[in-house]
Amino acid sequence: MDQIAIVGKPNSGKSLLFNRLTGLRQKVSNFPGITVEVKKGQVQSLILADFPGIYTFEAMTKDEVVSVKKFVSELENNNLKLVICVLDATKLAASLRLGLEVQYKAAKSNVPVLFAMNMMDVIDSNNLKMDFQGLQEALGAHVIPVSAKTGFGFDTLKQAMLDQQNVRAVDSTDFYNRSQELAKQFGPQTDVLFLRQSRFDRIFLSPIIGVLAFVLIMLVLFQAIFTWATPFMDFVEWVMNSLGATTAHFFPQGMVRDFVADAIFGGIGSFLVFVPQIFFLTLIVGFLEDSGYLARAAMICHRPLKWFGLSGKSFIPLLTGHACAIPAIFATRAVESPRRRLMTILAVPLMSCSARLPVYALLIAAFIPQVTVAGGLLGLQGLAFFALYLFGIVMALLVTALLSRTPLNQGEDAPFLLELPPYRLPHWQPLLSRSLNSCWQFISKAGAIIFVVTVVVWILGYFPGGAGHMESSWLASMGHWLEPILQPMGLNWKYGVAILASFLAREVFVGTLGTMFGIEGAEENMVGLVENIQNSGLTMASGVSLLVFYVIALQCVSTLAVMKKELGSYKIPTLVFVSYGLMAYLCSLIAYQIFS
Amino acid sequence: MAIEVSHPATGQRLRDLGFQPGQPVTCVQRSPMGGPRAFKISSGVYALDQELAEAIRIELEKG
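Protein sequence lines correspond, in order, to chains S and R.
In terms of numbering that gives the first Met the number 0, the first sequence has 253 at position 254, counting the first letter as 1, and numbering is strictly consecutive.
In terms of numbering that gives the first Met the number 0, the second sequence has 16 at position 17, counting the first letter as 1, and numbering is strictly consecutive.
Hints in this document: simulated from the structure, not taken from any laboratory.
Any given hint could be a false lead.
[Stated by the list, open to error] Sample of chain S residues lacking proximity to chain R, with all beta carbon distances greater than 12 Å (derived):
{"id": "1", "residue": "80"}
{"id": "2", "residue": "201"}
{"id": "3", "residue": "204"}
{"id": "4", "residue": "232"}
{"id": "5", "residue": "299"}
{"id": "6", "residue": "305"}
{"id": "7", "residue": "393"}
{"id": "8", "residue": "413"}
{"id": "9", "residue": "455"}
[Unchecked claim] Restricting the straight-line Cα-Cα distance to at most 25 Å, the calculated cross-link-like pairs of lysine to aspartate or glutamate (DMTMM-like) are:
{"id": "10", "chain 1": "S", "residue 1": "61", "chain 2": "R", "residue 2": "50"}
{"id": "11", "chain 1": "S", "residue 1": "80", "chain 2": "S", "residue 2": "162"}
{"id": "12", "chain 1": "S", "residue 1": "183", "chain 2": "R", "residue 2": "58"}
[What the hints assert, rightly or not] Covered by chain R, per the in silico footprint, the following chain S stretches (three or more residues, Cβ under 8 Å):
{"id": "13", "stretch": "87 to 100"}
{"id": "14", "stretch": "115 to 123"}
Treat the numbers as computed from the prediction; the structure is a model and nothing was measured.
Beta carbons are placed, not taken as given, at the ideal position from N, Cα and C, and that holds for glycine.
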């Protein structure tokens, strides 16, 4: 099948164009955040490959290196029928700087280039004029005006993709001066657009209001995850409970019914409740990213983060890390300095990701009273959530501040340089599809692990005694070995088993406890897990020490695997795993002493 | 305008973006706490940290 590459400058609307061409229904193997991997999709009989945005072929950051390398190898191996170069009509000179270089490289491999002049909606709504015919003749290639936002020009673009395009030989390599000339001669006068951008920047980047706006936006973000998602979470929980109750009655009393009720609905159902929170987090982060605000946030954060050994560009991975560490570690590729990138990778696992949410929510519901403080404005449980998130961030900053001042971290550094894109009103379609995609990633990835673990835990806990005899089960005898380690925190063997199982993925903790209490309670397992924990005699101090442990410990096999992939060695992931584990144990011991 | 950056790849990138002799550049915003500053050149607006901004020598224009 013929393959077409889509390339362009960052922020040229490339991904939106790709999604519109492939109809948004394509399985996009990409995580939310910045495009850091090549995405592929299909249009009729063609394969479309979307490459991460680059400025020139002299790659600076890791994401650019990936993009340039892949693109050049596809060209050299004659895998491309056509290259679509996306130009940003509002920044014509800079887009043409890359466009000419793309044309030059493609001509060497005898591949034609087609230019898609994007952002025409902005040009039209500001009554700006440009000369397409002239530009087309000067470039010797088709230039098709489109708007990825409104869909304007896509029929012409699709037709042009099917038609045979000509290869234009390029001899001059003075891409910069040529692009300036062409933009001046044929492009629109875009200073109007800049005026609007600087009006907003005067607010969002001002010394006092800018910082206040930043704090406010972050507060709204976290508030939204907990309040907007609540009705949806209640709904999912209600569906799972009713399904569990109804389904169990279809099976005769005995082993199969116990398995369905304890392992399937008790174990796996308990983590689906958290999908709405992941949805809202990715939706809002996506909105901030598409609107252009995240670049400003990165700029505001640069100075303080630099002190902790990080960079302003670490801000986006750290924010993404609150949804999931895996896309966050990929997003660190945009951090220009290799040593600050390493520090960012070390900080990401300490951000409270959505997999910790089930654990936090369960333990907070069990130990923190549902009362309000400050005259009914703030809930104590909400404050506890906030404190846990903050604790993770503080620990991460401590780790990077210390490590960045040791001789261990002497990698290459690079100065901070970031384009501030114009402010745009985000389009809801790509936002929605990206958020749904990340929910699906969570369900399919975590779901498989959780299923296997809960089934294993159920088998070990059910046999040989059967329902109601877990004390004599295989699981119990294994769990008792762990007791000496857990005694100092006042935890019994059941929590030991749940912690051990959750080293595969944190959400497993809740499912495992659900399964164990289910087997133990035999027939009356419809009692909520929260009440089961409260009745199990666990003290508040033990609850707090468990929470502290879950903030710090790196219990996620996938995160370790991605770290290994990105750093190319087993050494650092292993060290991080062991040291975060020890740190977690130590801190939870201290927490237990303080609260008991 | 002249650029003297210790990190060669960054110097090249700045030139590619349009930080070139003869080009006008405007500082549009200083960020809080001595952080990066935003500069407008013909191709767009870029945030540069202090170290980088200091490496770019410019002449002031009257008016």
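Status of the hints after comparison with the structure:
With a least beta-carbon separation of about 28 Å from chain R, residue 80 of chain S lies farther than 12 Å from that chain, consistent with its non-interface assignment. Distance check on residue 201 of chain S: its Cβ comes as close as 7 Å (rounded) to a Cβ of chain R, failing to clear the 12 Å threshold; non-interface status is violated. With a least CB separation of 4 Å from chain R, residue 204 of chain S falls inside the 12 Å interface cut-off, contrary to its annotation. The Cβ of residue 232 of chain S sits about 37 Å from the closest Cβ of chain R, beyond the 12 Å cut-off, so the non-interface label holds.
The Cβ of residue 299 of chain S does not lie farther than 12 Å from every Cβ of chain R; its closest approach is about 6 Å, which violates its non-interface assignment. Against the 12 Å criterion, residue 305 of chain S falls within the reach of chain R, whose nearest CB is about 8 Å from its own CB. Every C-beta of chain R lies more than 12 Å from that of residue 393 of chain S, the closest at about 19 Å, which supports listing it as non-interface. At roughly 5 Å, the least C-beta separation between residue 413 of chain S and chain R is not larger than 12 Å, which violates its mark as non-interface.
Non-interface status of residue 455 of chain S relative to chain R is upheld: no Cβ of that chain comes within 12 Å, the nearest being about 50 Å off. A distance of roughly 22 Å separates the Cα atoms of residue 61 of chain S and residue 50 of chain R; the hinted pair therefore holds under the 25 Å criterion. For the hint linking residue 80 of chain S to residue 162 of chain S, the alpha-carbon distance of about 11 Å falls within 25 Å, and the restraint holds. Using a Cα cut-off of 25 Å, the hinted pair residue 183 of chain S and residue 58 of chain R holds, with the two alpha carbons roughly 24 Å apart.
Coverage of the stretch 87 to 100 of chain S by chain R holds. Counting CB-CB distances below 8 Å, 4 residues qualify, and the rule asks for three or more. Counting residues of the stretch 115 to 123 of chain S whose beta carbon lies closer than 8 Å to any beta carbon of chain R gives 0, which falls below the threshold of three, so the coverage claim is violated.
Against the hints set out earlier in the document, violations occur for numbers 2, 3, 5, 6, 8, 14.
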